[in-house]
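A.B. asks: Now for the letters of each chain:
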Amino acid sequence: MTSRALPAIRHYGIAAVTVALFVLLAATTDGFLSQANFRNILDQQSALLIAASFATITMIAGGFDISAASVFVVAPLFALQVENATGNAALAAVVGVVVGLVVGIANGLVVTALKVNSFIATLATSFMVFGIGFLVSDRSVLRAATDAYPAIARTRWLGITTGAWIAAGVVAAAWLLLSRTRFGRHVYASGGNAEAARLAGVPVARVKTICFALSGAAAGLAGVVSSSRSLSALPSDDFSFVFGVIAAVVVGGTSIAGGEGAVWRTIVGAFFIALMINGFNLHQVDPIWQRVIQGAVILGAVSIDAWTQRREH
Amino acid sequence: MTSAEALVSVRSASKRFGATDALSDVSVEFHAGLVHGLVGENGAGKSTLAGVVLGIHAPDSGEVCLDGSPLRLDSPADGAAHGLVGVAQELSLLPAMSVADNVVLGTEEHIGPFVKRRANRARVEALIAEHGLEVPIDARVGSLPVADQQKVEILRALGRRSRLMVLDEPTARLASHEALELRRTVRELAARGVAVVYVSHFLDEVLSVSDTVTVMRDGRVVRTGPASAETHESLVEGMTGRSIGDVFPAKPPAPAPDAPVVLRVDGLCSARVDARVIDFSDVSFSIRAGEIVGLVGLVGAGRSEVAHTVYGAARADAGSVHLHGDHLAGSITDALSAGVSLIPESRRQQGLIAQRSVRDNTTLPHLADFAGRLGIRTRPEDRAAAAACDRVGVRRPNLTAPVATLSGGNQQKVLFARAVMGQPRLLIADEPTRGVDVGSKRSIYETVNEMADTGCAVLMVSSELEEVIGTCHRVLVMRRGRIVAEFAGDEIVEADLLAAAFGKGARSTSEAGDQE
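Line by line, the protein sequences are chains A and B.
The opening residue of the first sequence carries number 1 in my numbering; numbering runs sequentially from there.
The opening residue of the second sequence carries number 314 in my numbering; numbering runs sequentially from there.
Calculated directly from the structure, the hints in this document are not laboratory data.
Keep in mind that this is a model prediction, so the values were computed, not measured.
Be a bit skeptical, because a hint or two may be false.
[What the hints assert, rightly or not] Label pairs and their calculated CB-CB ranges:
1. A:L135 / B:H423: 51 to 59 Å
2. B:R686 / A:R206: 18 to 26 Å
3. B:G381 / A:V292: 33 to 41 Å
4. B:S650 / A:F119: 33 to 41 Å
5. B:E422 / A:H283: 53 to 61 Å
6. B:N711 / A:Q284: 47 to 55 Å
7. A:A173 / B:A452: 47 to 55 Å
8. B:D695 / A:H283: 45 to 53 Å
9. A:L299 / B:A714: 26 to 34 Å
10. B:R661 / A:R206: 20 to 28 Å
11. A:S240 / B:D695: 52 to 60 Å
12. A:D237 / B:N711: 30 to 38 Å
[Unchecked claim] Output of the computed footprint for chain A on chain B, the stretches with three or more beta carbons under 8 Å from beta carbons of chain A:
13. 599-605
14. 657-669
15. 685-694
Backbone N, C-alpha and C define an ideal beta-carbon position, used for all residues, glycine too.
Sequences are here, hints too, so could you generate the full structure?
C.D. replies: Structure (structure tokens):
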């Protein structure tokens with residue numbers, strides 16, 4: 001039947017749909033085709049892109065990292081405490097990333113050494129990290145004390161914020177790592193068939209641990225960028241950030257089952273969702289309906305994924 | 314053949330999938346009480362034909378008749394309602410449920426929402442008694458050996474009053490004695506009036522169990538006739554359309570007695586799984602350069618476990634492995650860098666990354682060879698992968714095609730391409746031709762011979778005695794975790810291998826089955 005068309009649809013479908021959405025918005029919506037609007041979208045997406053590009057790699061390796069939300073919330077609290085104490089914004093940023101890295105390594109070890117399901121393991125560590133966030137901030141909002149900290153993500157360079165530049169750099173790094181390197185091949189192999197990968201000499205446990213470590217560090221960096229944009233950070237136990245990350249990964253077409261996917265897919269998925277929301281806002285769609293529609297779109301994407309997989313086997 | 318009317322007849326059925334004619338103008342009759350063997354290479358149309366009879370595929374033209382009247386089947390459930398049932402290659406049982414629960418699944422007797430446990434149990438007991446298929450009725454299905462699981466599948470089919478049963482590769486995952494037992498079951502089914510369609514790659518098995526055999530090639534029926542009129546050779550000839558006198562190429566000459574010892578295994582014992590279970594113990598043997606050594610035994614005798622331990626994929630409690638005199642520390646990375654390659658037993662579960670390309674699968678253990686400053690240098694990688702695939706004869710649309718889209722034989726060859734690429738000094742091939750068609754088999758044996766010719770030592774683990782006899786210089790027989798016999802050259806004879814594998818004087822399969 002359409003056995004030949006299906007892989008193609010599956011392969012580039014999300015890109016085509018995103019381009020179509022772009023054209024549709026450009027044709028119908030005043031104020032969409034403006035530099036200010038695009039710059040705004042780019043800036044708003046920077047934190048999500050940073051975390052999602054490495055979350056993609058973890059998911060391809062067969063892991064599911066729910067702890068990105070807690071790291072995103074708590075890493076900037078550590079960073080701002082350091083900044084408030086020392087006035088050193090660069091050191092603060094590094095601390096934020098290291099907090100994420102440490103949580104990520106812990107996740108990786110729990111998942112690979114204790115063989116706990118990664119969704120459950122990272123859910124559990126999430127609660128711990130959220131709790132630590134309240135401790136380290138003494139339950140209050142932390143604000144940047146210097147001008148250097150906000151400058152991390154808010155400085156403009158060639159018309160674009162440094163937050164967006166950082167995102168671009170992280171995305172490029174993740175992309176190269178996954179598609180060009182030996183490690184990337186090992187990621188696909190570990191997620192596609194862990195036993196076959198092991199017998200082919202792939203250090204599966206190490207690969208997975210590194211994936212969790214990197215996605216933790218990326219979530220930490222995302223938190224720093226986000227708090228730098230908003231000048232402050234606030235302790236909470238809000239999981240919503242990671243759901244945005246997973247939505248971007250999955251809508252892009254990376255398989256939840258592991259072994260399949262790409263960083264470019266996540267970028268496209270993120271922009272698809274961002275354009276959709278941008279369109280809703282410009283058309284002044286009720287935010288409550290926005291959620292309903294957004295949920296339906298994610299459901300649609302995952303259903304198509306499940307359907308095409310069924311057809312292939 | 315009986316003169317009675319056929320239970321199911323397929324009349325001029327054709328079926329296309331995309332550009333390929335899976336079936337063209339196929340007519341076959343299946344009779345109640347007879348076992349009907351169906352043989353052919355991969356892609357010959359056996360499964361499609363079975364699918365048409367079971368209602369899985371609707372024929373594009375032609376028809377299926379039941380008791381002489383045309384039948385329209387829209388789904389496997391339709392087929393089952395008419396008593397046409399398939400027992401799949403992959404078992405479809407619920408491992409966590411009991412035998413009884415599995416047999417009655419979906420047809421439980423009940424009052425309202427409540428299941429009548431005792432009535433259901435009685436029904437299963439009656440089925441077991443009626444057909445003589447002994448299975449422990451309360452055992453969890455997951456804890457049973459595969460042969461018993463297969464019986465549960467068959468019981469389930471019988472419980473639905475099946476009139477025709479399709480068995481697709483029923484013995485592919487069984488040990489030899491279990492396979493023998495299954496053949497008896499099949500004969501009993503036929504004796505009770507069931508029409509059995511028996512699809513298998515094992516030609517001798519088909520010959521011994523069938524009354525009638527249909528040979529298929531390229532979607533067509535080559536011929537249908539009594540099994541007694543066929544021989545192994547005549548079937549191969551019919552399936553391949555050419556007379557290959559032998560599936561096995563000539564063995565390379567046995568290595569000289571002073572050829573260097575490549576592999577030496579001394580007193581190897583597996584790590585204990587728990588207090589009672591030991592996979593194998595005190596295993597010692599050596600292999601010289603250019604020598605092909607077979608390792609045979611029943612399933613559970615410890616063959617694959619030895620192979621995995623030598624490769625470093627499983628831990629040993631005692632003993633040592635030396636390669637060219639160097640001690641192997643017992644990790645996969647060590648083994649790989651010392652020049653050991655493993656072709657694992659199950660290419661789907663242990664060998665290939667199905668979604669990834671032919672190239673990625675071929676080069677996976679060798680990526681360090683292509684490391685550049687900016688990641689993997691793909692041009693030399695492509696070239697090396699293509700060369701390795703060409704050397705073992707992988708037929709592929711291109712290097713970037715997902716390996717899952719290749720035929721079984723070509724998938725297996727990809728594993729050999731992967732091994733060849735590492736220029737191994739020791740090749741461990743576990744069931745190297747399982748589920749592979751006759752043409753690919755020969756080319757795989759040629760690859761193995763070529764590697765031996767260049768001085769590679771080969772350890773071949775196999776359940777197909779024919780294969781071991783046809784390819785090995787020397788054969789080690791394992792029983793219950795120990796090497797119990799060794800045969801070389803002309804001493805490698807099927808009867809002796811079987812006797813050693815089953816234990817002395819226990820040649821009859823039922824006794825051996827009890828011993829296990």
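A.B. asks: Within 30 to 38 Å: is that where the Cβ-Cβ distance between A:D237 and B:N711 falls?
C.D. replies: violated (50 Å)
A.B. asks: Between A:A173 and B:A452, is the Cβ distance one that fits in 47 to 55 Å?
C.D. replies: Roughly 54 Å apart at Cβ, these two residues keep to the hinted range, so it holds.
A.B. asks: Assuming the hint says 45 to 53 Å, is it satisfied by the Cβ distance from B:D695 to A:H283 or not?
C.D. replies: holds (49 Å)
A.B. asks: Just to be sure I understand the hint, the distance between the Cβ atoms of B:E422 and A:H283 should be within 53 to 61 Å; is that true here?
C.D. replies: Holds: the Cβ-Cβ distance is about 59 Å, inside 53 to 61 Å.
A.B. asks: Just tell me: holds or violated, for the beta carbon distance of A:L135 and B:H423 against 51 to 59 Å?
C.D. replies: holds (56 Å)
A.B. asks: Could you say whether the range 20 to 28 Å given as a hint is met by the Cβ separation of B:R661 and A:R206?
C.D. replies: holds (25 Å)
A.B. asks: Are three or more residues of the region 685-694 of chain B within 8 Å, CB to CB, of chain A?
C.D. replies: Satisfied; 3 residues make the cut.
A.B. asks: Are there three or more residues in the region 657-669 of chain B whose C-beta lies within less than 8 Å of some C-beta in chain A?
C.D. replies: It holds: at least three residues are needed, and the region 657-669 of chain B offers 9 whose Cβ sits within less than 8 Å of chain A.
A.B. asks: How does the region 599-605 of chain B fare against chain A when you require at least three residues with a CB closer than 8 Å, holds or violated?
C.D. replies: Contact hint for the region 599-605 of chain B vs chain A: violated, 0 residues under 8 Å.
A.B. asks: Range hint 52 to 60 Å: satisfied by the CB atoms of A:S240 and B:D695?
C.D. replies: violated (44 Å)
A.B. asks: Does the hinted range 26 to 34 Å hold for A:L299 and B:A714 at CB?
C.D. replies: Cβ of A:L299 to Cβ of B:A714: about 31 Å, so the range 26 to 34 Å holds.
A.B. asks: The hint says 47 to 55 Å between B:N711 and A:Q284; measuring C-beta to C-beta, is that right?
C.D. replies: Since the Cβ atoms of B:N711 and A:Q284 sit about 50 Å apart, the hinted range of 47 to 55 Å holds.
Violated hints, listed in ascending order, are 3, 11, 12 and 13; each of the other numbered hints is respected by the structure.
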